[in-house]
Amino acid sequence: MRRLAARLPDGVVVVTGTNGKTTTCRMLRAALSDAGTAVVANEAGSNMAQGVVTALVERTDLRGRPRASMGVFEVDEAALDSVVRELRPKLVVVLNLFRDQLDRYAELDLLAQRIASALSAVDADVLLDADDPRVAALAANARGTVSCYGFDGPVGGHEAIGTDAADRSPCRRCGARLEYRWLSYAQLGGYHCPACGLERPRPDVALVSAEPASGGGWQCRLRSGDDVVTAESGYAGVYNLYNLVAASAAAHRLGVPLGAAAQSAGSCAPAAGRGAVTTVGAGEVVLLLGKNPTGVAQVLQAHIRPAPAAPLLVVLNDAAADGRDVSWIYDAPFEVLAGRPGPVLVAGTRTEDMLTRLRYAEVDARGCRSLEDGLDELVARLGAGQRGFVLATYTAAQSVQGHLDRLAATATSEPAREPRTERAA
Amino acid sequence: VKLRIVHLYPRDMNLYGDTGNVLVLRKRLEWRGHEAEVVRLDPGSDVDLRDADVVLGGGGSDAAQHVVADDLHARRDQVREALAERVPMLLVCGTFQLFGTGYQPAEGDAIDGIGVFDATTTASSPRIIGRIAIETALGRVTGFENHGGATRLGPDQAPFGRVVSGVGNGDGAPIEGAVTGTAIGTYLHGPVLPTNPALADHLLTLAMRRHDPQARLEPLGDVPPETAAQLGALTH
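Which chain is which? The protein sequence lines are X and B, in order.
Under this note's numbering, the first sequence has 353 at position 346, and the numbering climbs by one with no breaks.
Under this note's numbering, the second sequence has 531 at position 28, and the numbering climbs by one with no breaks.
Derived from the structure by calculation, the hints contain no laboratory data.
Quick caveat, the model's predicted, so the values are computed rather than measured.
Hints may be right or wrong, so weigh each one.
Stated by the list, open to error - Looking from chain X toward chain B, a few residues come up when the C-beta cut is under 10 Å (computed): (1) Arg106; (2) Glu114; (3) Asp116; (4) Arg175; (5) Pro300; (6) Asp332; (7) Ser334; (8) Ala339; (9) Val343; (10) Thr363.
Ideal placement from N, C-alpha and C gives every residue a C-beta, glycine not left out.
I would like the entire structure built from these sequences, with the hints used as guidance.
See below:
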């Protein structure tokens, strides 16, 4: 991995954090590609060492020369330490730290310590989310130049659901409880310490404002320093605004003008399982990954609650890559699903647990015999042009995409045709 | 009847869906036509545990345990008096450890417990992680254990259950948790109450009997009648 990565003339960028790695990498790759840089990247979610090596090998010719000039890799938070020692990135982007797969990662503070140790092991510049106090505190561990991104204030017209204090961290300087002047969601926002006066660092690149656009995206203003640019993003959800600002800030850091970076980032097609739409049967299906409380809260808010009549399938798996502990479903606000027409369909290896969760959320739900049965029923319920949603954990999303692709292929007259995939509104 | 559910340290000790236990007690009361008042007790709160009808506590990081330990010590008499009044308590993971005699983390100072249970915890490695089933006086109870502490019970301390599969307290004996009076300490996450309705109804039966000693819960169809007849009996 080290030798292949070292041959990339423009170096390597690594993106880590709990939520948004895949989308941020996709946006960053679009911004760099549109600016003329040939990028090698690992595909959606293959973010352990093996996925990085696979991507590098695939983009290296028989003489060992890379067919790209820069690498953009998403790296699992827990694998970061070993991977950055090999990749020697010139820039590491840390997005956010939420509770996720606690059976693997134990506690957030321990995870932050591991990332700190990874940052202190390499001569990389670091780009941090200023709005996440645990991430902003990593500035102390960077050996290269530190810059940060964030919001300049709350995004108007959105009411955060499922936000509680559970992921909040104490002041890194004095240990007191941080207070928030405004909150985006979870622990992301404009915090300060009332005891010692610690302030959130001022973002170098920030979202100045965002207005909801027709079709579910945003009309955004971003700034670098005090220079303001505008951009449109097709990605719904406040969480995707963070991904947009992170990718734009990273591209800007790598020499792309901010306005062009943001426009490229906001207009690229979403990755599989991150809001991509598959046309199947009479309608279309949007597949959304939901694998931790904060992610599910954001996805419910951005995509599923605005479509109260849309059929929904929830798939809960507990394979190692999903996290074997499914207790997190009680920290996710499934209550917002109450009152939808027709039962919410449930599938996956932990169908019973999800049915119990939905029972206590007073949501009308029904278990399916298999994931395939669930998808078939979801598709059968779709009226002409109607959109249905699948909310799935990591391994479940892979199986769902596979079955959707088969359904889409058999639905067309040309069996070999690729399923049509486009951005979710 | 209106019952008061006190959620102990929700701000600091709510790591693994522990809030699901609160939800289950509230819904099971509401579904039976009773009222439930959920009261959050964070450090410094003026909520008095002696006014609780049922107390729930969850898990937290080592740092969080340090944060709440002083407050819990200040409430030691409240806890003892509430237990003397047969207030049911379910104390999961980190709160179980703090209700024991003490916890020695892997790094840093030991944290004194309040000694409701004769149970001493020391950090151990590797973490105990996986699904667990135990046999208790209320029948089979299942959950997910995820803890980095090994807990040793004193010779006269009753466990919560006998381990059927999984690890349990982690000091070598196949036992899990601890029971003292109406207090149950356990490592079972999951959270434990949604998938173990008999345990939920046991806590609610004890809570109802604070107001009416003859109280019986209406069946909700998910607890076998022979188990339902035993609810409230699991105390030492």
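Hint check:
For Arg106 of chain X, the shortest C-beta to C-beta distance to chain B is roughly 7 Å, which falls under 10 Å, so the interface hint holds. At about 4 Å, the closest approach between the beta carbon of Glu114 of chain X and any beta carbon in chain B falls short of 10 Å, and the interface hint on this residue holds. The beta carbon of Asp116 of chain X comes within 6 Å of a beta carbon in chain B, closer than 10 Å, and the hint placing it at the interface holds. Residue-level restraint check for Arg175 of chain X holds (minimum Cβ-Cβ distance to chain B is 8 Å; threshold 10 Å).
For Pro300 of chain X, the interface hint holds, the least distance from its beta-carbon to any beta-carbon of chain B being 8 Å, beneath 10 Å. A hinted interface residue such as Asp332 of chain X counts as satisfied when its beta carbon comes closer than 10 Å to some beta carbon of chain B; here the least separation is about 5 Å, so the hint holds. At a threshold of 10 Å, the smallest CB-CB gap from Ser334 of chain X to chain B is about 3 Å, leaving the interface hint in force. Residue-level restraint check for Ala339 of chain X holds (minimum Cβ-Cβ distance to chain B is 9 Å; threshold 10 Å).
Interface hint status for Val343 of chain X: violated, as the beta-carbon distance to the closest one in chain B is roughly 14 Å, over 10 Å. The beta carbon of Thr363 of chain X is positioned within 10 Å of a beta carbon in chain B (closest approach about 5 Å), and the interface hint is therefore held.
Against the hints set out earlier in the document, a violation occurs for number 9 only.
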